[in-house]
Amino acid sequence: MAVRRKRTRARSKAHSEFVSESEEILEQMREDLSQLADQRASRADPDPELVNRLFRSAHSLKGLSGLFGFDAMSELAHHLEDVLDRLRMGRVTLDSKAVGLLDESVTLFAAMLEKVGDETAQDEAAETITSLIARIDEWTLEPSRDSGQLEELDIDRAMLRALTEYEEHRLRENMRRKLSIYVVEVNFEILSFEEGLAEVSNAIREVGEVLSTLPSPGETPESQIRFSLLTATEQDIEGLAAHLELPPSSVHTVWRPAAGGETRRSEPEAPEVEEKSVPRPAADFSDARGEIESLKSISDTVRVDIRKLDELMNLVGELVIHRAAIASIADRLSADPATIRIGSELDKVHKSLERKIQGLQTSVLEVRMVPLRQVFEKLARVVRRLRRDRDKEIRLEISGAETELDKLIVEGLVDPLMHVVRNAFDHAIEGRAERAAGGKPAEGCIRLEATQRGNDVVIAVSDDGRGIDAKALHERAIEQGIVSSEMELSSREILDLVFAPGLSTRDEVTETSGRGVGMDVVRANIGGMGGFVDVDSEPGRGTTITITLPITLAIIQSLIVSVADQRFAIPLNSVRETLLVDPGEIQRSEGWEMLNLRGEALPLKRLREEFSLGEAPRDSKQYAVVVRVGDARLGLLVERLEGQQDTVIKAIQGPAKNVRGIAGATEFGDQGAVLVLDVSAVVEDAMRGRKAG
Amino acid sequence: MQSVLVVEDSATMRSLIASTLEQMGVPLKITEAPSGFEALRLLPRESYDLIVTDINMPDINGLELVSFVKSNEAYRSIPLIIVSTESSDRDREKGLSLGADAYLVKPFDPDDLLQMARDLLPSPQQGG
Chain A
1 MAVRRKRTRA RSKAHSEFVS ESEEILEQMR EDLSQLADQR ASRADPDPEL
51 VNRLFRSAHS LKGLSGLFGF DAMSELAHHL EDVLDRLRMG RVTLDSKAVG
101 LLDESVTLFA AMLEKVGDET AQDEAAETIT SLIARIDEWT LEPSRDSGQL
151 EELDIDRAML RALTEYEEHR LRENMRRKLS IYVVEVNFEI LSFEEGLAEV
201 SNAIREVGEV LSTLPSPGET PESQIRFSLL TATEQDIEGL AAHLELPPSS
251 VHTVWRPAAG GETRRSEPEA PEVEEKSVPR PAADFSDARG EIESLKSISD
301 TVRVDIRKLD ELMNLVGELV IHRAAIASIA DRLSADPATI RIGSELDKVH
351 KSLERKIQGL QTSVLEVRMV PLRQVFEKLA RVVRRLRRDR DKEIRLEISG
401 AETELDKLIV EGLVDPLMHV VRNAFDHAIE GRAERAAGGK PAEGCIRLEA
451 TQRGNDVVIA VSDDGRGIDA KALHERAIEQ GIVSSEMELS SREILDLVFA
501 PGLSTRDEVT ETSGRGVGMD VVRANIGGMG GFVDVDSEPG RGTTITITLP
551 ITLAIIQSLI VSVADQRFAI PLNSVRETLL VDPGEIQRSE GWEMLNLRGE
601 ALPLKRLREE FSLGEAPRDS KQYAVVVRVG DARLGLLVER LEGQQDTVIK
651 AIQGPAKNVR GIAGATEFGD QGAVLVLDVS AVVEDAMRGR KAG
Chain B
1 MQSVLVVEDS ATMRSLIAST LEQMGVPLKI TEAPSGFEAL RLLPRESYDL
51 IVTDINMPDI NGLELVSFVK SNEAYRSIPL IIVSTESSDR DREKGLSLGA
101 DAYLVKPFDP DDLLQMARDL LPSPQQGG
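Each protein sequence line maps, in turn, to chains A and B. Positions 1 to 693 (our numbering) are the ones given, in order, by the first sequence. Positions 1 to 128 (our numbering) are the ones given, in order, by the second sequence.
Pulled out of the complex, with its shape left as it was, chain A reads as follows:
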């Protein structure tokens, strides 16, 4: 594994946005091209919608690359668009040469996209582009067959004006084929038109072609919308109305072929001769690609093996530990009047060392940072595939893909995030009928949003689905003995039950949601990286899963506390506040110790008992460290607060390895090991204990 680091981050951010959208477009184009090739192989007429979509894709590529000043790529896309334009306008037939040129252009564009920002590579590729463009230009251009006055049509001028050039071409083409042209008018409620409109459009496509869809104000303009569908078909007006199950009055004739005119399918003008001598485009291009890849990189980027970065991080970690040891020696020296001078000198050196280590640590951490983009793109691909496989209309919206996290965390995030997104896809978002009934757009939406907040990164996955049925969830949890029926739970606490191990509100398990991997595993995985998962849901409106993660795992700020001479490090990102607690303030209720914290009951947990460190004298003063996980708060009772410390977490070996509640260990040079608390697990266990009553 290797990471890549760029100095020109602002520029690369804009570039990577461009790259990711272009990649998506190219993927769609490859799919469409292969369908087009299939149609050609089976001697079918190319589907006009397919060709038009390809044209739109090339058009977008042209616009995007032009926008970012990639002139050569824009020029290439422009010619690609040109080929597709001639095809969709019916000026040329789809022969093997056209297919070859399309394939070649898409492949070359993809190769250049990989090298975006590498100007040398772009310059080198210019030659390949020029030769490809020359071949496209050579490709003979037949004169346009478009003719015929559209002015003679009995049609609303507004509709005619709103036709794009392509739609005009399709209109002429259908007239040339002597099909009848109609306008079909339909009214819908504005909030739910899409389903009905799709139904009518699909029905028209069974017997003809939809040339244009013009919206206009409906009978009651505030709440309704009218669509006029310009339609070409062999059917007569009654036949069409009957097929669409519409009253004949909603279909108007625009144009009919002269009597005796024979309706016919378009035929290629001449039988196509397979050109055997055409070089295989892929082979042709592989040379060019080799050429591009062999270029020497003179960019300001180096590739570094991630293991080397781990080593470097470990060394920095050791330095941090030694620095802490020096600090404590300096403190001890300063505390003794006999050595106070040497102590303060050591302290000065220590301060300077601290700053240098801080700088080193920041630099190393920064090198390890990678943007979330790769993970997000992976999810986008999965959603696209699911959309095809499941025939569910759901789009994934992404923002904040440039947010950076430690590479290890990004890797650990893939599975939990995938699970959350798949859950949303499979279970949260309703089917078409249910969405229509709820007045929702047919297309569901999953939003993936990452933002950086201080030393944390927050990733929210929200959907506009049915939301969590809190009542069913609660009942299910009682049924399975996860909570007792007597326990009063707040709506937050009920929602939080989705993270309870083994709980599911759906009986069936689909392949997508993954057997056995529930939200409890998501929470455990995220907790293992020092993060939290929260859930928020509104019935009928949707669910948001929020994942909060530290930017880096390697070094975290901790609060050091001790109980019975055992020291613990509590990650500072989960600490809300610390309180000095007088034993008299602790109240008991339902077997629980509670503290009245500004009018709210704060459940307490003695760290001594949690880890069986023996009984503490009950009358001594204690500190409560208030920690939170999501909305759950817990006061951890400890005996001493020892201050904040940079903590390097190391995995524990030996018997203590899998102790629940312990995330790892750290050491402070001279003073032995300190256990790092897994706050998420401690709070979860405490809350569960409380719920089970």
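Keep in mind that the hints were calculated from the coordinates and are not lab data. Computed from a predicted model, the values in this text were never measured in an experiment. Ideal placement from N, C-alpha and C gives every residue a C-beta, glycine not left out. Keep in mind that a hint or two might mislead.
Claimed, not checked - Simulated restraints on C-beta separations:
| id | chain 1 | residue 1 | chain 2 | residue 2 | range |
| --- | --- | --- | --- | --- | --- |
| 1 | A | E577 | B | S123 | 45 to 51 Å |
| 2 | A | L579 | B | Q23 | 34 to 40 Å |
| 3 | B | R90 | A | R30 | 39 to 45 Å |
| 4 | B | M24 | A | S562 | 53 to 59 Å |
| 5 | B | L114 | A | H252 | 40 to 46 Å |
| 6 | B | P44 | A | W592 | 49 to 55 Å |
| 7 | A | P501 | B | P44 | 42 to 48 Å |
| 8 | A | E488 | B | S123 | 52 to 58 Å |
| 9 | B | P44 | A | E185 | 19 to 25 Å |
| 10 | B | Q23 | A | R388 | 36 to 42 Å |
| 11 | A | R395 | B | R90 | 41 to 47 Å |
| 12 | A | R395 | B | P44 | 20 to 26 Å |
Since the structure of chain A is provided, determine the placement of chain B on it from the hints.
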């Protein structure tokens, strides 16, 4: 606060238009619609002061959207800018004859879009 609807199927282009408009120097609420259909759904929900739309989109094209806006009593007065890669005079003429107020060819100069938006947005001081 004035409100702008940006209709564009390309996410990159959409955020570019939005971030350009954010440089206006006046507080703007920018709503992004990834398709013509989405724009049709958004229109009744809020009173927009400006619409910026692309032409080539998958469901309904930008010209059809312009036609809808300009044929609807409730939306007719909303100024409308077309931002499109179509540079032919025919498309520009079509757009303008349907009632679009301005036509900008992609890739565009951000200053041009800002100037157009400034010219078309009703001045808040005059209570427009």
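Report the numbers of all earlier hints that the structure fails to satisfy, in ascending order.
Violated hints (numbers, rising): 2, 3, 11; every other hint is consistent with the structure.
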